[in-house]
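S.K.: Each chain, written out:
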Amino acid sequence: MITPELLWSHVETVRAKAPLVHSITNLVVMNLNANALLALGASPIMAHEPEELPDLMAIASALVLNIGTLDKAWIGSMKVAAREAYKRAVPLVIDPVGAGASRLRTETALALIAEGQPAVIRANASELLALAGGAVNTKGVDSTHTATQARDAARSLALEFRCTVVASGETDLVTNGRETWHLGGGSALMPRITGMGCTCSAIVGAFAAVADPLDAAAAGMAIMKVAAELAAGKASGPGSMQVHFLDALYSLSRADFLGHVKLTRA
Amino acid sequence: MITPELLWSHVETVRAKAPLVHSITNLVVMNLNANALLALGASPIMAHEPEELPDLMAIASALVLNIGTLDKAWIGSMKVAAREAYKRAVPLVIDPVGAGASRLRTETALALIAEGQPAVIRANASELLALAGGAVNTKGVDSTHTATQARDAARSLALEFRCTVVASGETDLVTNGRETWHLGGGSALMPRITGMGCTCSAIVGAFAAVADPLDAAAAGMAIMKVAAELAAGKASGPGSMQVHFLDALYSLSRADFLGHVKLTRA
Amino acid sequence: MITPELLWSHVETVRAKAPLVHSITNLVVMNLNANALLALGASPIMAHEPEELPDLMAIASALVLNIGTLDKAWIGSMKVAAREAYKRAVPLVIDPVGAGASRLRTETALALIAEGQPAVIRANASELLALAGGAVNTKGVDSTHTATQARDAARSLALEFRCTVVASGETDLVTNGRETWHLGGGSALMPRITGMGCTCSAIVGAFAAVADPLDAAAAGMAIMKVAAELAAGKASGPGSMQVHFLDALYSLSRADFLGHVKLTRA
Numbered sequence: 001m002i003t004p005e006l007l008w009s010h011v012e013t014v015r016a017k018a019p020l021v022h023s024i025t026n027l028v029v030m031n032l033n034a035n036a037l038l039a040l041g042a043s044p045i046m047a048h049e050p051e052e053l054p055d056l057m058a059i060a061s062a063l064v065l066n067i068g069t070l071d072k073a074w075i076g077s078m079k080v081a082a083r084e085a086y087k088r089a090v091p092l093v094i095d096p097v098g099a100g101a102s103r104l105r106t107e108t109a110l111a112l113i114a115e116g117q118p119a120v121i122r123a124n125a126s127e128l129l130a131l132a133g134g135a136v137n138t139k140g141v142d143s144t145h146t147a148t149q150a151r152d153a154a155r156s157l158a159l160e161f162r163c164t165v166v167a168s169g170e171t172d173l174v175t176n177g178r179e180t181w182h183l184g185g186g187s188a189l190m191p192r193i194t195g196m197g198c199t200c201s202a203i204v205g206a207f208a209a210v211a212d213p214l215d216a217a218a219a220g221m222a223i224m225k226v227a228a229e230l231a232a233g234k235a236s237g238p239g240s241m242q243v244h245f246l247d248a249l250y251s252l253s254r255a256d257f258l259g260h261v262k263l264t265r266a
Numbered sequence: 001m002i003t004p005e006l007l008w009s010h011v012e013t014v015r016a017k018a019p020l021v022h023s024i025t026n027l028v029v030m031n032l033n034a035n036a037l038l039a040l041g042a043s044p045i046m047a048h049e050p051e052e053l054p055d056l057m058a059i060a061s062a063l064v065l066n067i068g069t070l071d072k073a074w075i076g077s078m079k080v081a082a083r084e085a086y087k088r089a090v091p092l093v094i095d096p097v098g099a100g101a102s103r104l105r106t107e108t109a110l111a112l113i114a115e116g117q118p119a120v121i122r123a124n125a126s127e128l129l130a131l132a133g134g135a136v137n138t139k140g141v142d143s144t145h146t147a148t149q150a151r152d153a154a155r156s157l158a159l160e161f162r163c164t165v166v167a168s169g170e171t172d173l174v175t176n177g178r179e180t181w182h183l184g185g186g187s188a189l190m191p192r193i194t195g196m197g198c199t200c201s202a203i204v205g206a207f208a209a210v211a212d213p214l215d216a217a218a219a220g221m222a223i224m225k226v227a228a229e230l231a232a233g234k235a236s237g238p239g240s241m242q243v244h245f246l247d248a249l250y251s252l253s254r255a256d257f258l259g260h261v262k263l264t265r266a
Numbered sequence: 001m002i003t004p005e006l007l008w009s010h011v012e013t014v015r016a017k018a019p020l021v022h023s024i025t026n027l028v029v030m031n032l033n034a035n036a037l038l039a040l041g042a043s044p045i046m047a048h049e050p051e052e053l054p055d056l057m058a059i060a061s062a063l064v065l066n067i068g069t070l071d072k073a074w075i076g077s078m079k080v081a082a083r084e085a086y087k088r089a090v091p092l093v094i095d096p097v098g099a100g101a102s103r104l105r106t107e108t109a110l111a112l113i114a115e116g117q118p119a120v121i122r123a124n125a126s127e128l129l130a131l132a133g134g135a136v137n138t139k140g141v142d143s144t145h146t147a148t149q150a151r152d153a154a155r156s157l158a159l160e161f162r163c164t165v166v167a168s169g170e171t172d173l174v175t176n177g178r179e180t181w182h183l184g185g186g187s188a189l190m191p192r193i194t195g196m197g198c199t200c201s202a203i204v205g206a207f208a209a210v211a212d213p214l215d216a217a218a219a220g221m222a223i224m225k226v227a228a229e230l231a232a233g234k235a236s237g238p239g240s241m242q243v244h245f246l247d248a249l250y251s252l253s254r255a256d257f258l259g260h261v262k263l264t265r266a
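Protein sequences, first through last, are from chains A, B and C.
For reference, each letter of the first sequence is one residue, going 1 to 266 in the numbering used here.
For reference, each letter of the second sequence is one residue, going 1 to 266 in the numbering used here.
For reference, each letter of the third sequence is one residue, going 1 to 266 in the numbering used here.
Some hints here could point you the wrong way.
Since copy identity is lost for identical chains, a pair holds within one copy or between any two.
Said to hold, decoys possible - Here are the simulated lysine to aspartate or glutamate pairs, DMTMM-like style, with alpha carbons at most 25 Å apart:
(1) Lys87 with Glu160
(2) Lys72 with Glu52
(3) Lys17 with Asp152
(4) Lys17 with Asp212
(5) Lys72 with Asp215
(6) Lys79 with Asp55
(7) Lys17 with Glu170
(8) Lys234 with Asp256
(9) Lys234 with Glu51
(10) Lys72 with Asp55
(11) Lys72 with Glu51
(12) Lys234 with Glu115
(13) Lys79 with Asp152
(14) Lys17 with Glu179
(15) Lys72 with Glu115
(16) Lys17 with Glu160
(17) Lys79 with Glu51
(18) Lys87 with Asp152
(19) Lys79 with Glu52
(20) Lys72 with Glu12
Note that these hints are calculated values from the structure, not bench results.
Can you build the whole structure from these sequences, using the hints too?
M.R.: In structure tokens form, the structure reads like this:
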């Protein structure tokens with residue numbers, strides 16, 4: 001049973017252990033994702049040269065793969081990383097950015113899932129529908145579907161791939177196929193900052209290093225929603241929003257978290 | 001006839017339509033450019049793998065190519081994107097960063113112009129002089145010439161390539177070779193933030209999706225100048241300048257725009 | 001003899017001359033490093049295509065090589081840049097990010113040092129111990145050793161490679177093997193911002209363009225510590241810290257610098 005108190009205990013564990021989170025992610029969000037992991041209390045590393053990935057997977061506590069700016073060389077790196085992580089039981093989070101927008105993205109995401117057997121897949125509704133093989137009408141990397149529309153896709157993907165699936169949106173949905181949770185709150189300014197979805201995946205990666213996949217996904221999405229809500233209260237636009245968001249992630253107290261988290265079972 | 005009211009109407013169109021702007025741009029500015037496009041109300045996507053570019057050009061409303069951190073592989077991607085955009089009549093903006101600083105940059109910029117027949121070329125004075133074949137004495141990626149010195153180069157390039165040319169500087173010059181406009185204002189802090197020139201090109205790309213090239217270039221440069229001027233009034237240096245700039249781009253009102261835009265016909 | 005007044009004079013020289021600092025650095029920190037160089041008053045350029053590096057080294061005042069997100073292609077670029085810089089006596093700063101975390105990183109850093117004969121090597125304690133061939137137990141890219149533990153490694157590397165070595169940490173150590181200086185101060189928020197170590201290397205690069213290596217290293221580390229200390233006084237977390245840091249670097253006065261710098265001879 002997931003409770004706000006349990007999720008907060010995972011935040012404290014991340015802060016205490018500072019797990020090493022290895023990301024191979026897109027070029028647009030690298031800086032924000034590294035800063036968000038540091039603000040949370042985790043230790044980020046980003047590296048993609050296949051030759052050194054075995055050395056680096058040997059010290060990683062979690063792996064996050066994000067295909068946002070994929071190319072043939074980086075797809076190769078991600079496959080090596082997925083394989084090495086699997087061998088070492090390093091928990092894997094996959095963010096299939098833009099699945100559905102090109103055939104290459106859909107296929108790459110599915111190949112990485114097959115190769116790495118992820119603990120968590122985090123995506124928006126359109127991306128999940130694309131992975132589930134449905135007819136999708138995407139607009140680039142932004143979702144044109146609601147989380148509710150994606151609920152069935154999320155549940156069936158979770159059962160098919162034996163993992164936790166997050167469908168992020170105005171309300172986030174977290175499911176392992178049998179048990180489904182919603183996280184509300186957040187802020188309408190979140191989608192006005194590039195890579196906030198990718199940052200959710202990175203943050204979930206930090207929790208996957210210290211908790212089981214369903215807990216990790218719920219904890220990651222919960223702290224993102226709470227930090228965004230607190231930041232939005234001080235922000236004048238997306239520029240100051242990003243600044244306050246990192247500050248909130250860093251300084252968040254137990255009382256702030258428990259006072260703002262909106263967790264409900266579906 | 002370009003008027004401040006007309007330019008503002010284009011801002012409202014971008015906000016209403018949220019055009020999908022595809023960029024293949026340099027590694028330094030990707031995050032800022034995506035955030036600026038989101039703050040403006042457009043929808044950014046960045047992707048460079050040739051295999052998926054046909055899929056992505058089919059949904060793009062504009063393409064922005066920026067050679068700031070070019071290499072052989074990315075030049076190949078940019079050429080594919082330019083060709084696919086041309087086939088589909090997707091308007092193209094080219095930013096020839098550092099043209100003149102190396103032979104490769106000048107040649108690549110000219111090759112992309114030939115391949116893609118851009119709607120708009122946005123550059124600083126030194127870069128335009130390099131494209132025009134003049135003797136240039138550049139210092140890296142920063143201009144050592146004034147916009148006034150570049151006026152003749154801008155006009156002749158506009159006529160030669162049948163496009164709109166922007167020579168950005170303390171005063172921006174926008175010309176299609178027959179009609180030339182100046183945009184004043186802005187802030188001396190702009191060149192102290194990396195990639196503000198590149199951001200101009202990205203923003204012009206958003207307008208090129210909804211307006212003809214001369215209008216789009218004027219609207220893009222105008223909103224950059226106005227947002228920078230408003231941000232500078234609140235900034236204590238280049239760090240806070242960037243934050244306030246994104247906030248201003250997001251929250252800019254009609255009255256702010258019309259009260260600050262400095263548009264004159266040359 | 002290094003004095004605070006001497007270090008400040010180097011700041012004024014950088015501001016007056018705006019040296020062109022060429023970086024081939026990691027994908028995570030490019031934007032911050034370029035912004036820090038601009039805030040300081042230097043002129044940054046980032047480019048990695050081997051074909052244009054001879055043209056660009058001909059106009060560069062300093063070169064900074066950082067292996068944070070190395071791959072085979074970029075290692076090739078860094079070697080070409082190191083060789084071209086050496087031929088033209090362009091001072092070189094090397095940041096061996098993650099040396100010790102993988103064999104490839106340690107070997108690449110040593111190869112670049114051999115190729116380029118750097119003026120300055122800036123690293124954390126773990127990285128220096130790895131370069132010195134000691135048994136190292138690293139955790140990704142963050143140091144698990146103190147600057148004090150690294151003192152012997154720093155001195156012996158400085159003598160072996162005839163260069164200045166910086167071991168950054170809570171107190172920074174700057175040594176040419178015969179003369180050693182400490183810089184205190186700074187802020188505990190610095191390691192909570194990604195790439196602050198890399199930014200030190202970039203800033204040292206700007207000073208290496210105008211001063212001898214020992215001076216340059218001391219001046220760079222000194223201004224980083226002072227700007228961080230001033231920024232921390234205004235910051236609420238790592239998000240606002242980064243904003244205030246750039247503002248402080250830009251607006252720092254002689255009185256601020258002399259009033260806060262903590263320079264002592266070892």
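S.K.: Now tell me if each hint is right for this structure.
M.R.: The hints, checked one at a time:
1. Lys87 with Glu160: Cα proximity of Lys87 and Glu160: one copy only (21 Å, versus 40 Å across).
2. Lys72 with Glu52: both (18 Å within a copy, 11 Å between copies)
3. Lys17 with Asp152: neither (36 Å within a copy, 30 Å between copies)
4. Lys17 with Asp212: Classified as within; 16 Å inside a copy, 42 Å across copies.
5. Lys72 with Asp215: This pair counts as neither: shortest intra-copy Cα distance 33 Å, inter-copy 38 Å.
6. Lys79 with Asp55: both (15 Å within a copy, 23 Å between copies)
7. Lys17 with Glu170: Answer is between; shortest inter-copy Cα gap is 21 Å, intra-copy 31 Å.
8. Lys234 with Asp256: both (15 Å within a copy, 22 Å between copies)
9. Lys234 with Glu51: neither (45 Å within a copy, 43 Å between copies)
10. Lys72 with Asp55: both (22 Å within a copy, 16 Å between copies)
11. Lys72 with Glu51: Result: close both inside a copy and across copies, 16 Å intra and 9 Å inter.
12. Lys234 with Glu115: Neither: 43 Å inside a copy, 47 Å across copies.
13. Lys79 with Asp152: neither (28 Å within a copy, 41 Å between copies)
14. Lys17 with Glu179: neither (28 Å within a copy, 38 Å between copies)
15. Lys72 with Glu115: Both: 16 Å inside a chain and 24 Å across chains, each within 25 Å.
16. Lys17 with Glu160: neither (32 Å within a copy, 37 Å between copies)
17. Lys79 with Glu51: Intra 12 Å, inter 18 Å, cutoff 25 Å: intra and inter.
18. Lys87 with Asp152: Answer is neither; intra-copy 31 Å and inter-copy 39 Å both fail.
19. Lys79 with Glu52: Answer is both; intra-copy 13 Å and inter-copy 19 Å each pass.
20. Lys72 with Glu12: Answer is neither: 39 Å inside a copy and 39 Å across each miss the 25 Å cutoff.
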